[in-house]
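Novice: Listed below are the residues making up each chain.
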Amino acid sequence: MFLQNYWYVAAESFEVNRQPTPRIILGEPVVLYRTQDGTTVALEDRCCHQRAPLHRGKLEGDAIRCGYHGLVFDQHGVCTEIPEQERIPSSARVRAYASAEKHGWVWVWMGDSALADESLIPDFHLNIDAEWTSFQGIIEMDGASMLMVDNLLDLSHLPFLHAANIGSATDTDPDLSVEKGEGFVRVTRIARGIKSSKWQNDLGIQGNVTQEKVITFRPPCHIWIAIDTTEEAGPESGGNGQMMRQMILNSMTPVSETSCRYHWGFARDFSRGNAGVTKYMKDATDIAFNEDKEMIDAQQKIIDLDPAAPIFNLDGDEGGVAARRLMARLLAEQAGA
Amino acid sequence: MFLQNYWYVAAESFEVNRQPTPRIILGEPVVLYRTQDGTTVALEDRCCHQRAPLHRGKLEGDAIRCGYHGLVFDQHGVCTEIPEQERIPSSARVRAYASAEKHGWVWVWMGDSALADESLIPDFHLNIDAEWTSFQGIIEMDGASMLMVDNLLDLSHLPFLHAANIGSATDTDPDLSVEKGEGFVRVTRIARGIKSSKWQNDLGIQGNVTQEKVITFRPPCHIWIAIDTTEEAGPESGGNGQMMRQMILNSMTPVSETSCRYHWGFARDFSRGNAGVTKYMKDATDIAFNEDKEMIDAQQKIIDLDPAAPIFNLDGDEGGVAARRLMARLLAEQAGA
Amino acid sequence: MFLQNYWYVAAESFEVNRQPTPRIILGEPVVLYRTQDGTTVALEDRCCHQRAPLHRGKLEGDAIRCGYHGLVFDQHGVCTEIPEQERIPSSARVRAYASAEKHGWVWVWMGDSALADESLIPDFHLNIDAEWTSFQGIIEMDGASMLMVDNLLDLSHLPFLHAANIGSATDTDPDLSVEKGEGFVRVTRIARGIKSSKWQNDLGIQGNVTQEKVITFRPPCHIWIAIDTTEEAGPESGGNGQMMRQMILNSMTPVSETSCRYHWGFARDFSRGNAGVTKYMKDATDIAFNEDKEMIDAQQKIIDLDPAAPIFNLDGDEGGVAARRLMARLLAEQAGA
Chain A
3 MFLQNYWYVA
13 AESFEVNRQP
23 TPRIILGEPV
33 VLYRTQDGTT
43 VALEDRCCHQ
53 RAPLHRGKLE
63 GDAIRCGYHG
73 LVFDQHGVCT
83 EIPEQERIPS
93 SARVRAYASA
103 EKHGWVWVWM
113 GDSALADESL
123 IPDFHLNIDA
133 EWTSFQGIIE
143 MDGASMLMVD
153 NLLDLSHLPF
163 LHAANIGSAT
173 DTDPDLSVEK
183 GEGFVRVTRI
193 ARGIKSSKWQ
203 NDLGIQGNVT
213 QEKVITFRPP
223 CHIWIAIDTT
233 EEAGPESGGN
243 GQMMRQMILN
253 SMTPVSETSC
263 RYHWGFARDF
273 SRGNAGVTKY
283 MKDATDIAFN
293 EDKEMIDAQQ
303 KIIDLDPAAP
313 IFNLDGDEGG
323 VAARRLMARL
333 LAEQAGA
Chain B
3 MFLQNYWYVA
13 AESFEVNRQP
23 TPRIILGEPV
33 VLYRTQDGTT
43 VALEDRCCHQ
53 RAPLHRGKLE
63 GDAIRCGYHG
73 LVFDQHGVCT
83 EIPEQERIPS
93 SARVRAYASA
103 EKHGWVWVWM
113 GDSALADESL
123 IPDFHLNIDA
133 EWTSFQGIIE
143 MDGASMLMVD
153 NLLDLSHLPF
163 LHAANIGSAT
173 DTDPDLSVEK
183 GEGFVRVTRI
193 ARGIKSSKWQ
203 NDLGIQGNVT
213 QEKVITFRPP
223 CHIWIAIDTT
233 EEAGPESGGN
243 GQMMRQMILN
253 SMTPVSETSC
263 RYHWGFARDF
273 SRGNAGVTKY
283 MKDATDIAFN
293 EDKEMIDAQQ
303 KIIDLDPAAP
313 IFNLDGDEGG
323 VAARRLMARL
333 LAEQAGA
Chain C
3 MFLQNYWYVA
13 AESFEVNRQP
23 TPRIILGEPV
33 VLYRTQDGTT
43 VALEDRCCHQ
53 RAPLHRGKLE
63 GDAIRCGYHG
73 LVFDQHGVCT
83 EIPEQERIPS
93 SARVRAYASA
103 EKHGWVWVWM
113 GDSALADESL
123 IPDFHLNIDA
133 EWTSFQGIIE
143 MDGASMLMVD
153 NLLDLSHLPF
163 LHAANIGSAT
173 DTDPDLSVEK
183 GEGFVRVTRI
193 ARGIKSSKWQ
203 NDLGIQGNVT
213 QEKVITFRPP
223 CHIWIAIDTT
233 EEAGPESGGN
243 GQMMRQMILN
253 SMTPVSETSC
263 RYHWGFARDF
273 SRGNAGVTKY
283 MKDATDIAFN
293 EDKEMIDAQQ
303 KIIDLDPAAP
313 IFNLDGDEGG
323 VAARRLMARL
333 LAEQAGA
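Residue numbers (the numbering used here), protein chains in the order written: chain A, 3 to 339; chain B, 3 to 339; chain C, 3 to 339.
Warning: the hint list may mix true and false statements.
One copy or two, it doesn't matter: identical chains are merged, so the pair holds either way.
As the list claims (entries may be wrong) - Below, a list of computed lysine-lysine pairs in the DSSO-like style, where the Cα atoms sit at most 30 Å apart:
no.: 1; residue 1: Lys284; residue 2: Lys60
no.: 2; residue 1: Lys284; residue 2: Lys182
no.: 3; residue 1: Lys197; residue 2: Lys303
no.: 4; residue 1: Lys281; residue 2: Lys295
These are calculated hints, taken from the structure and not from any lab test.
Starting from the given sequences, assemble the full structure and let the hints guide the process.
Specialist: Spelled out as structure tokens, the structure:
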């Protein structure tokens, strides 16, 4: 069961063009393309006639022509041509999902289009903010979206899963606080005087650091991680007091109940014009996020063996538990509505 | 659910020989071979002893010996030898399906053998008719047999799915008529003065053509398509009035509810001795039928996401709808019988 | 459904070391490793926290640290460290399976550890007996454990499935007797004056042989096959009266209801120091046991098509039938307990 009346990331902007692009989102087939003026379109990827996938068809102007029997649907999903039939019943249409392009991503509203308010699109502007340097990536995960939510809300996994790169071995005694707000869960994690990570070392930070991470979850699958890192200054620490601000942007669109498409962005406000730093960070992020994928995929396989096996929540899971409760409440409301 | 008391194509003749050949037909395991005099045999491909597949065994005369514990079954499925046991209970047997070889194909009657009347084998003699030139092919489809029935009964897909070869861009305004007969559905599709297709151009037809296609469906999965093509003559059309007669023979044997083995034949009565034409046609047919396979397989995947998603029937689906109704009625009769 | 309060082979000794080794046994995830003193450990391969597989973690002393969030579990499954949390609830633990190393294999007791009596470990000492020469192997089977039990209790398949190597073409008239004991089934199969097999020929036996095979099944999945082969002596037989004793050791640990991990050993008391004989036997065994795997895997596929298809028991199946009855009785007792 999925939350319907929400914006989901369907693609990075560059993935949507004048070739139809297929997606499975919340178990539903969706085809993405752009109209001639560049507007994104998201239609049911299932011709109303014989259920052929429209993405095997071709664009004609702002419409898409099914590659099987040639029915044409405009960007609103309305059938405008049936090759051998003049009469086009009004029921001849495919579902049009509200879509929008914002912050470098193409969004699809999976519920009632009448409720699709673009102002509700979560704020991932740091993907494209002129004052930040950023890059993005996509990972197809063979694990549920909520496993990634757990992953990101509980960064206690960094010293272990990511020990070789972004984790600090001494980052195991943070100050943790959790705010359960209206429609969000926020975990603040402050680690003081921890050993700098391999990743930080490679970027020129040698001394101990203090890191403040503010992790915000918003349903159905969006997470922001703001990271402020301050190097300790002075002879004792060996550092010189550098500061780094990063924001990790995350949206894990469910494909099925046990798989998701993970869209991420990585924005920084330091060494902004330094292409070497950008390349280093891209490579390091690919490695670290692939460690997540390998673990999540393995975890899903273990869960599939016995989906009823219990979970043991730690203090550090307060955020994850709150997120699951929020999701459960929203799903119950949706079911009741 | 499948219709049982019908002849199904199990193989092309060349596929059945003195090596046991396995098939899954209507979800049942069947092993095919020939007796010493060349008669085709179809037995349950599951030893009555421990359920080993008999096709892993060896022929001995007209019988087959299981490759596991050496039980021997004659061509009627009767166990004639149990290596370590003299007594052979009469219940020691595998099911023998009535089989026959006709028109280049090996047929199996999947229901009650007592009802297996060879005169009921559908007429695919053009596979081997001395006055026609023909070739055959086999495609394993990851889509239901009935999806291919829909495909072939509604040739409005040619200008779109097969635009690059056998489809004519202007073949979208045919005269269509449907005859719902006793045990068959027949669609007649006449397209007058349409642009010749790439395929026709390559065969020397440059002018516009008139095509009459008579498509006949007979349960459970057989379709004949008779195609008469007449090139328009005269300076206006650029053509010289050639005529071509073709017959496309089709039988889509269900493997499971969502897959089938598609046996086809292509017969013509023009350029009969021309090997170059034969080769061109073979290659072109492979390309066109693979376009069908890619679409059908993709369509089945979309259907699997939500098998209850509705279908919207067009006027051109009158034949397909009639075929589905006929099948539903026969299945209901079978269930009631 | 599986028998729980039994010892199962989880691995060959060499497979378990200071790298965690994953297994699925009876559908349950198990991780194997050795403590610093070499003792084998078998823990639930599912962290109690978020269900990550522990085998992706690392050993620390005798404990294992989860590779995801760093929880540490000692060899008894008790959580001894939660990186960000001082309080460790007593419920923070993973299941520890009783394990033992005996006869070259690592054993796991899949039921109540309190009942895990090492004296109940089946006697496979010929794997390591100083007076025998032996070698071992492992085959992942895509077929149920009980299909291998049937296979081994009914050696009438040798002249057919293994005709090219260990089977004798004339071994089809043995004296068979079956003993149904308390917790075991024993089949004695004596074949007198049969043609020697290709395998025996290659080992220098040319004459006819008499073979006595004593096959003992013990629940849940263990089988011993003691084989005494005596070559007939004298000019008539062409043989010189050689004797060979072999013991084939077999344990087929269920992975799922339709797959198993087959551990086998092959021990002999002849040509003991002859490395050429050992190599010949290893290669021949690999070939023969792969013939079993191909048949069992194919048999399981046929069974999966229609799990309710009947089985026809032959006289030679008396042992297999008794084994299945014994298993059914024990499973019923377990369900009732």
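Novice: Hint by hint, work out which the structure violates, then give me just those numbers in ascending order.
Specialist: 2, 3
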